[in-house]
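Line by line, the protein sequences give chains A and B.
With the numbering used here, the residue at position 283 of the first sequence is 283, and numbering never jumps.
All you need for the numbering used here is the position in the second sequence, starting with 1, plus 1000.
Quick caveat, the hints were computed from the structure, so don't treat them as lab data.
None of the values given here were measured: they were computed from a predicted structure.
You may find that some hints are simply not true.
[As the list claims (entries may be wrong)] In the DMTMM-like style, the derived pairs of lysine to aspartate or glutamate whose C-alpha atoms are separated by at most 25 Å in a straight line are:
#1 K1166/B - E1026/B
#2 K1006/B - D55/A
#3 K30/A - E1026/B
#4 K1086/B - D1045/B
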Amino acid sequence: MDVVWASLWLFTLLNVVAVAALSLVWLERKLLGRMQGRVGPTRVGPFGLLQPIADGIKLLMKEDIAPGSSSRVLFFVAPLLVFVPSYMVWITIPFGRDLFVRNLDLGLFFFVALSVLGIVGLVLAGWSSNSKYAILGGFRSAAQLVSYEIPIIMTILVVAMLAGSLSFRDVVLAQDVVPYAAVQPLAFGVFLLAGLAEVGRTPFDIYHAESEVVGGPFVEYSGAHWAIFFLAEYINTFMVGALGALLFLGGWRWPVGDVPAAAGVALFLFKTYAIVAVIFWVRATYPRMRIDQLMSFGWKVLIPLSFAAFVATAFQMFYGWPIWTLTILSLVILVPPIYIQLRWQRKPAMALAKHYAEIAVAVHAQPRPVPVAAVTEADAAPGREDDA
Amino acid sequence: MIAGVKGLLTTLRWLGKRPVTAHYPEQHLPVQERYMGFPALLTDDTADEPFCTGCMVCVRECPTQCMTAVMHDNPNVAEGTSHRRKIIETFEINLNRCILCGICVDVCALDAIEMSYEHELASFGRAGARADLDILLTLGRRYMEQSAWTPKNPEKNVAGVALAKKAAADAAKAAAAAEGASKPDAGGTTEAEGEP
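Using the sequences plus the hints, can you model the full thing?
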């Protein structure tokens, strides 16, 4: 009987998550369109609401092609390796005080463990496609996701330290009065940026960058298997939103305290969609980073900042300072990188631009030599019309 | 970093604006006043017939040879409602061939053809872009309404004006002829006055 109930719960969860992912597809296209002066989907259903469903039907009816030289079994297993972990994480996500499939005591750890597992699927997809673009995309995804996993883990550790628990439910219950976004704004910011990179959204979408590696690990996929990758990507995006809402914005609780379950779920979903909307907002604004910029941003900025947030939290807890000192501390930590960015990092670029401008001026100041050969040739053969 | 924040604010501001997209088949953007669309034939309302006499100037000058025209005798001349002895019988423009150069308009001395605002060519048939006289006149009628068109040379080309002018000229000639009968008197008097 337990098996039946568990299957039922999992099936319900699968549907909820899939619908959420489809809603994100619509929301992304609509927001992106409106932010760029376009209208987004309008044709299928009212306000284009049925567009993701139409897309899904289209993808399922397409022929599922595998390259002849691909490693067939791994090629078709890879999408599942990406999708299953991104779906399994939702087992322990509490939508409300008592609304979850299984409240794991090690929920945060469970998330960290499973979110790394998806990388295997991406690398496998790249390798089994037997395509240069795909394998390059797979390598890129491995490099990017592994390096951005560290700041995510560090910020999750900060939250776990503050809450004194690794269970999502306890973390939310600990944020009764002040959400951790206010206690540790630095960790929240680092989490959002690293989360963007973790799910491969612009400006960190270099592993499936269309203009460089065409589609990354997904180049050779089509039809239903590509749809699974697509679904997993949006589920991951929704996951980042949900994690942000649970760990930093007080989930279903803050700021109203205990409310009926439905209202709590609505509050949680509102926060989740708000964070997701910010992710789409960033996508609408920024172009893609170069891979070296991405790696240096991850290793030189985000990881030190996340460690600083971690150490600051440790100090605050060890010495028992009041909680507001942590807010100030984390904001103070942000000052040096911002100062560096504003004062120093622009200098070399400006100097370079000035240097090139001077060269250009000097080049244009020189008198242009008349091409002698052309003159003599024209003189030698006057009236020739076919020169041009 | 400041530029990044500015960029975010820019996209946020655009979120509040109305989209610039026009849903084309349902919503047409206004055409510019001097837009040169496909050529169309204009109608002389005073005689209820086209201006075109089928003189073939535009057909000869057309660089893509997209036009054909046939003229015949104008029945309205006998009725006295028109001054055009010849009138167009059939006129066809293959709009697929037309390059919208406007040479036909430049060479036409009869105010008969104009570049209209029409620019939508889609049709269901292979010959759908062949515009015959009726279509060209309909397009021209629409253009006249849209642009409040007035002929460049009404005295020569508009039947009502030309006929009125001719009638006036005839009347003046008749008057002159009538006066001419008494003219020797007048001449005689002047001569007589000059003689002494």
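Q) Which numbered hints turn out to be false for this structure? A) 1 and 2
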